[in-house]
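Engineer: The hints should help you fit chain B onto chain A, whose structure is shown.
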Amino acid sequence: MPITEGTVDCMQLADGFGFVAIRTGPNTLEAFILYFGDQRSPGPIALWIPELSIALARGLKVSISHGSSSAFIDALQINSP
Amino acid sequence: MDSHAKLQKLTTPGRPALATTFDRVAEILAKAPKAPLRLQFSILEVEIDESMVWSVVVDEDGGRAASGPSGQADVEVITQAETWWAMAEGRLSPLDAFLSGRMRVRGNIELAKRIFLVDLAAGSAELPEWLR
Numbered sequence: 001m002p003i004t005e006g007t008v009d010c011m012q013l014a015d016g017f018g019f020v021a022i023r024t025g026p027n028t029l030e031a032f033i034l035y036f037g038d039q040r041s042p043g044p045i046a047l048w049i050p051e052l053s054i055a056l057a058r059g060l061k062v063s064i065s066h067g068s069s070s071a072f073i074d075a076l077q078i079n080s081p
Numbered sequence: 001m002d003s004h005a006k007l008q009k010l011t012t013p014g015r016p017a018l019a020t021t022f023d024r025v026a027e028i029l030a031k032a033p034k035a036p037l038r039l040q041f042s043i044l045e046v047e048i049d050e051s052m053v054w055s056v057v058v059d060e061d062g063g064r065a066a067s068g069p070s071g072q073a074d075v076e077v078i079t080q081a082e083t084w085w086a087m088a089e090g091r092l093s094p095l096d097a098f099l100s101g102r103m104r105v106r107g108n109i110e111l112a113k114r115i116f117l118v119d120l121a122a123g124s125a126e127l128p129e130w131l132r
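Chains as they are written, first to last, in this note's numbering: chain A, 1 to 81; chain B, 1 to 132.
Hints in this document: simulated from the structure, not taken from any laboratory. Values in this document were obtained by computation on a predicted structure and should not be read as measured data. Just so you know, not all the hints are guaranteed correct.
[Said to hold, decoys possible] Here are the computed distance ranges between Cβ atoms for each label pair:
hint : chain 1 : residue 1 : chain 2 : residue 2 : range
1    : A       : D15       : B       : L127      : 16 to 22 angstroms
2    : B       : K31       : A       : L47       : 42 to 48 angstroms
3    : B       : P13       : A       : R58       : 51 to 57 angstroms
4    : A       : Q77       : B       : A32       : 24 to 30 angstroms
5    : A       : N79       : B       : E110      : 23 to 29 angstroms
[Said to hold, decoys possible] With the Cβ distance kept under 10 angstroms, some of the chain B side facing chain A (calculated, not the full set):
hint : residue
6    : V46
7    : E76
8    : I78
9    : Q80
10   : T83
11   : F98
12   : M103
13   : R106
[Claimed, not checked] Chain A side only, calculated, beta carbon under 7 angstroms to chain B, not exhaustive:
hint : residue
14   : T28
15   : L29
16   : A31
17   : F36
18   : S53
19   : S70
20   : F72
Yeah, the Cβ is synthetic: ideal placement off N, Cα and C, and Gly gets one too.
This is chain A alone, in the form it adopts within the complex (with noise of 0.2 angstroms):
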């Protein structure tokens, strides 16, 4: 499974979707899907954004796991400074 390693550039979270924009290089960002729908179970999510958030602001570097050619996070770590 692919691992998408960078810092987190902004979050965008609504009733019905959220997405995580992660800066992988100085002009190279990714977006993520963290749910969009009802189609993640909402479990891990509800644990994803509050690390999420404090990596976005202490510039914590994050790895995310994602399929191959897919943008929805299937796992999350935050790295120790």
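Structural biologist: Coordinates of chain B only, in the frame set by chain A:
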């Protein structure tokens, strides 16, 4: 899921070949007013577990497509061949492909939105409010 703007048809009758779809992307984007750009398409062939890379470059000399990476791409699209064909044939919108977990986009996200949801779109479709 709502259906969003599909791409202009990128296929030609007779001989379906990936190259022709990227030639068509280059042809369409060369007509759209914008700064020079480099796109990269990584098309995954699941059956053989390989990816084919194509690039489209648009500059003052026009638009052209080639097999292979584009160097420093402004936008990279990563998808499976089956999904790319569905988009190229106008059966699936790029936004629906992304939202259903069948396409990744990286690089300049704002530029990617404009290219795939406006410049390459078939007709003028209104973007969802959350995407504007």
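Engineer: Give a verdict on every hint.
Structural biologist: To see whether the hints hold, each was checked on the structure:
{"no.": "1", "hint": "A:D15 with B:L127: 16 to 22 angstroms", "verdict": "holds (19 angstroms)"}
{"no.": "2", "hint": "B:K31 with A:L47: 42 to 48 angstroms", "verdict": "holds (47 angstroms)"}
{"no.": "3", "hint": "B:P13 with A:R58: 51 to 57 angstroms", "verdict": "holds (55 angstroms)"}
{"no.": "4", "hint": "A:Q77 with B:A32: 24 to 30 angstroms", "verdict": "violated (40 angstroms)"}
{"no.": "5", "hint": "A:N79 with B:E110: 23 to 29 angstroms", "verdict": "holds (28 angstroms)"}
{"no.": "6", "hint": "V46", "verdict": "holds (9 angstroms)"}
{"no.": "7", "hint": "E76", "verdict": "holds (9 angstroms)"}
{"no.": "8", "hint": "I78", "verdict": "holds (5 angstroms)"}
{"no.": "9", "hint": "Q80", "verdict": "holds (5 angstroms)"}
{"no.": "10", "hint": "T83", "verdict": "holds (7 angstroms)"}
{"no.": "11", "hint": "F98", "verdict": "holds (6 angstroms)"}
{"no.": "12", "hint": "M103", "verdict": "holds (6 angstroms)"}
{"no.": "13", "hint": "R106", "verdict": "holds (4 angstroms)"}
{"no.": "14", "hint": "T28", "verdict": "holds (6 angstroms)"}
{"no.": "15", "hint": "L29", "verdict": "holds (5 angstroms)"}
{"no.": "16", "hint": "A31", "verdict": "holds (6 angstroms)"}
{"no.": "17", "hint": "F36", "verdict": "holds (5 angstroms)"}
{"no.": "18", "hint": "S53", "verdict": "violated (19 angstroms)"}
{"no.": "19", "hint": "S70", "verdict": "holds (4 angstroms)"}
{"no.": "20", "hint": "F72", "verdict": "holds (5 angstroms)"}
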